[in-house]
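Working from the sequences, and respecting the hints, build out all of it.
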Amino acid sequence: MSLLDKLDAVAAAKKTLLPEGIDVFGMPIEKVYSSTEASVGGRRILFFGTNNYLGLTFAPECLQAAHKAIDSEGTGTTGSRMANGSYIGHRALEQEFADFYHCRSSIVFTTGYQANLAMISGLAGASDVILIDGDSHASIYDGCRLSGAEIIRFRHNDMADMEKRLRRLGERTKSTLIIVEGIYSMLGDQAPLADIVKIKNSYGSTLLLDEAHSLGVLGKTGQGLVEETGLIDGVDFITGTFSKSLGSIGGYCVSNHLQLDQLRYVSRPYIFTASPSPATIASTRAALKLLRCGSELRNQLWRNARKLYSCLDELGYRLGPEPGPIIAIILDSPQQALMLWKGLFDYGIYVNLILPPAAPDGKSLVRCSVSAAHTREQVDYVGNSFAELHKNILR
Amino acid sequence: VPETDLINQLAIDSVKLLNLIMEIEDEFDISVPINALADVRTVRDLTDLIHKIKSAS
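In order, the protein sequence lines correspond to chains A and B.
The first sequence begins at 1146 in our numbering and counts up by one.
The second sequence begins at 561 in our numbering and counts up by one.
Hints in this document: simulated from the structure, not taken from any laboratory.
From a predicted model like this one, the values you see are computed outputs, not experimental measurements.
Yeah, the Cβ is synthetic: ideal placement off N, Cα and C, and Gly gets one too.
Possibly wrong hints are sitting among the right ones.
[What the hints assert, rightly or not] Below, in silico cross-link-like pairs of lysine-lysine (DSS-like), each with a Cα-Cα straight-line distance of 27 Å or less:
hint, chain 1, residue 1, chain 2, residue 2
1, B, K576, A, K1160
2, B, K576, A, K1159
3, A, K1309, A, K1343
4, A, K1151, B, K576
5, A, K1159, A, K1487
6, B, K614, A, K1319
7, A, K1319, B, K576
8, B, K576, B, K614
9, A, K1309, B, K612
10, B, K614, A, K1309
11, B, K576, A, K1309
[What the hints assert, rightly or not] Per the computed footprint, the stretches of chain B lying under chain A, defined by three or more beta-carbons under 8 Å from a beta-carbon of chain A, are:
hint, stretch
12, 575-582
13, 599-613
Printed below as a string of structure tokens:
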């Protein structure tokens, strides 16, 4: 058996499931008109699955900041923080995240994926235990594997199950890292943070909360679930990303623990990678300022989200457990999901098609993400399109 | 049969395996680290793993 046989198997599966003539998982975006519209195959389409929650990718302040940074600092840092140093912008952004969360310090990473790889593998090692929610993002699973620690899953959002597993660990709970997410990326539901913090404290474990999809979305100033629940003191480490509400690419971790800074010296996904480009840092700093005072954007986001969720609910679609900017429609089979995805695309609406094993429990989903930048007309158009398709697809 | 291959013969894919593991964990009151599953191919591998964890706890 050659190395490449497994890839032939992938090609065969792809050929069976996906239609000819349309590259579902490789859509060519020819022009981008705004945070909500683009051109694909010469047709104008609506972005309804891009996690651009506050619609900041074309905010004038962010564009100007990026332009200015390119002119003054060049296109890239061309190296890691350790080898090539930290630009003023990198240090400033770290300070700004720490201020934003009223925490002692923060570290900025090149991607959100790497933030999880770095934090998880830096905090936990071969003799430690990591307890993760079953619906955790791939970056969390991969960070766990990289760490070499023992990885134990608990049933999604199931506190009794989480506690059962902590009980079985005995003394080892003191060297256990618990990882949960503010808003889960596939079904859009929130973690029961109050219960998690209470249980974690009683067993003496360490808690890492990934606010990737909740930054900018929850809380008065957009800190995330920690602000919504008032529980930031109960969380040891918060990770997040620049690639959703902040409209760029990168990651961060904030913490009050003195030891956070030492991770710069042991975390390979931090050390052995080039640092974010000056333009990325600059646009992210501008976006963070807008996010902090963006309560009107957040209100608009939630108005749009609730509207679309209740519309789809009334139509009889099977949805995720609670309304939010991520709206997942659960279908009975990959084929049915593909039909719905294609139907929406034919209406000029580009959402995510999620096939097993990407979604929890082997589900097939069509996943939407709503933005503050979506107009009422756009949200209505999407609702009406789902209504039309319901008749044809889900009789 | 102990030699039965979970994935090829019983069509247990990675998702089904994780769900199966959850039921086994409830039944025996153990936690099975998912890292341990990398070496599990057959029914015997699975039962050996469960024994090992149960006797260690």
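Query - Hints not upheld, ascending by number - result: 7 and 13
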